[in-house]
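Start from the sequences, fold in the hints, and give me the full structure.
Chains as they are written, first to last, in our numbering: chain A, 1 to 128; chain B, 1 to 249; chain C, 1 to 123.
Honestly, the hints are just simulated from the structure, not real lab data. Careful: at least some of the hints might be erroneous.
In silico BS3-like cross-links for lysine-lysine, where the CA-CA straight-line distance does not exceed 30 angstroms [unchecked claim]:
no., chain 1, residue 1, chain 2, residue 2
1, B, K136, B, K229
2, B, K118, C, K8
3, C, K122, B, K228
4, B, K20, B, K143
5, A, K123, A, K70
6, C, K122, A, K65
7, B, K143, B, K246
8, B, K11, B, K136
9, C, K122, B, K247
10, C, K8, B, K189
11, C, K8, B, K229
12, B, K143, B, K86
13, B, K236, B, K247
14, B, K236, C, K122
Keep in mind that this is a model prediction, so the values were computed, not measured.
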Amino acid sequence: MPNQPEPQNWPRWFDPRSRSLGTFGFILNRITALGLTLYLMLHLVALGQLAQGATAYDGFVALMKSPWIKIGELLVIAAGVIHGLNGIRIALNSFGIGVRRQQLMFIGLMVIAVVFIAFFAWKMFMEG
Amino acid sequence: MTTTSWQVRFKVYRQRTGQKGTYQSYVLEVDPDEYILDAVERIWAQHDRTLTYRHACHHSTCGACGMRVNGREKLTCITTIRSVAKNGGTVTIDPLRNFPVLSDLVVDMGNFFLRMEKSEFDSVASEEHANLPYEKSPGNAEKAERLVDCIECGLCISACPAANTDHEYVGPAVLAAIHLMYSQSPSQKLIDLADHHTGLWRCHSAYECTQVCPSSVDPAWRIMDMRKKIIGNRLKSVFGRQEKVKKNA
Amino acid sequence: MDKTLSPKRLEGSGRWLIKIISGLFIVIFLGIHFVVNHLVAPGGLLTYADVVAYYQHPAIVAMEIGFLVVVITHAFLGLRSILLDLNPSAAILRAANILLFLVGVAAIIYGAWLAITIANVKI
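Structure representation (structure tokens):
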């Protein structure tokens, strides 16, 4: 029957319309979780270059200096920072800490996330 | 004395069993301080007698008139038209999400009520237990009794992202009921219901339940407090100091 | 069938605690991993020689392998949790459990082998 819970409704997890701040936290957590898991696998495979010796690894790192890769790496850092800080909020809430102020906590932690991301962006793009 | 009159278009979800859902629009002259439920009633009374919807008390104690208004869960008997629309604007009315649609704005709440029953939900409790621990209770709180806050309207389940995809997830209202009953009489049955993949662990902290609850149940707080109790019990059991609870019969 | 009183618990407080504790360790290890790898080490560990020198410390090897274990545990428990949100059939869940376990163990063995291999490279 229509309108009932079904696995096919999963795209609606990511629909923030008519929803509150907590849902943004849920959406961000889920997207960053999937992104980071994918990156983890790629990272492990890429590090296999180390086993091939100095020429392979150094050549691979040279490839990674392209601006597009750097943007990708910044996205990974952003995902890690957002997921980690949001995770801290969820963990604290699950021990009864800060539940009534969860929206304030989310805003505060995301401000910290933006500061971290801005710092790493500066380090990566300005310092090289 | 003048009465304000607005012209508002109501886009209402229509569906018959076995058919695809569509929207039908009705333009009404309304007093903006009337409620959405008043408008729905007027559509039924004066425009379309085939429209089906639920209503009963009209003063937010029965929980029957929950619907989605402009995409957000509302108790329509206490939602003024002014709060969701402008003069000349449009209001979209949909049935609650995550419940099968029986007809138009009427959804099947049967499974939900069965689960509330399984949680041993009692709608009367002492003031002390009916109030949330962070709410102030009067001096004779353990002696006075009142109806508890939950009116079983289902808005929390409609708003919950986990309830979107898993029909076996009991939902925020049932978990809040478990918390309420557990705080009065801890039992292993309630722990087993809550500490389950269809219970507490489907919650992913979106907290929409508390945002949409019209009755100050604060299901999100209750879910997290129940988690704290269960995790605390589990850690204590490692050191042989588990809380004594009533065993299953 | 309403399985809300099903005795079989596919996810409970135990697995959740492991997810949270591994998450906490990730925050700690990732902090160390990132600060050392990219901020403290001169050149940011971007040459083969720097990586080999870094992995000469046994504590670093142990930490990085530990980091890998907690990351895999947290990530794969999380993936399983997302799958449970979709109310999978018993067969799909069983297949996913086996796949996640095998891939997870393989990733840990591979990562540990890599770390130990680099640690054994003579400078």
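Quick rundown of the hints versus the structure:
1. B:K136 <-> B:K229: Holds: K136 of chain B and K229 of chain B sit about 21 angstroms apart, inside 30 angstroms.
2. B:K118 <-> C:K8: Holds. K118 of chain B to K8 of chain C sits at ~17 angstroms (cutoff 30 angstroms).
3. C:K122 <-> B:K228: violated, 51 angstroms
4. B:K20 <-> B:K143: Between K20 of chain B and K143 of chain B the Cα gap is close to 53 angstroms, so the pair fails against 30 angstroms, i.e. violated.
5. A:K123 <-> A:K70: holds, 11 angstroms
6. C:K122 <-> A:K65: Cα-Cα ~28 angstroms, so holds.
7. B:K143 <-> B:K246: holds, 23 angstroms
8. B:K11 <-> B:K136: It is violated: about 42 angstroms lies between the C-alpha atoms, which goes past 30 angstroms.
9. C:K122 <-> B:K247: Violated: K122 of chain C and K247 of chain B sit about 63 angstroms apart, past 30 angstroms.
10. C:K8 <-> B:K189: Between K8 of chain C and K189 of chain B the Cα gap is close to 14 angstroms, so the pair holds against 30 angstroms.
11. C:K8 <-> B:K229: Cα-Cα ~21 angstroms, so holds.
12. B:K143 <-> B:K86: The given pair, whose Cα atoms are some 47 angstroms apart, is violated under the 30 angstroms limit.
13. B:K236 <-> B:K247: holds, 17 angstroms
14. B:K236 <-> C:K122: Roughly 49 angstroms between the alpha carbons, so the hint for K236 of chain B and K122 of chain C is violated.
When held up to the earlier numbered hints, the structure conflicts with 3, 4, 8, 9, 12, 14 and fits the remainder.
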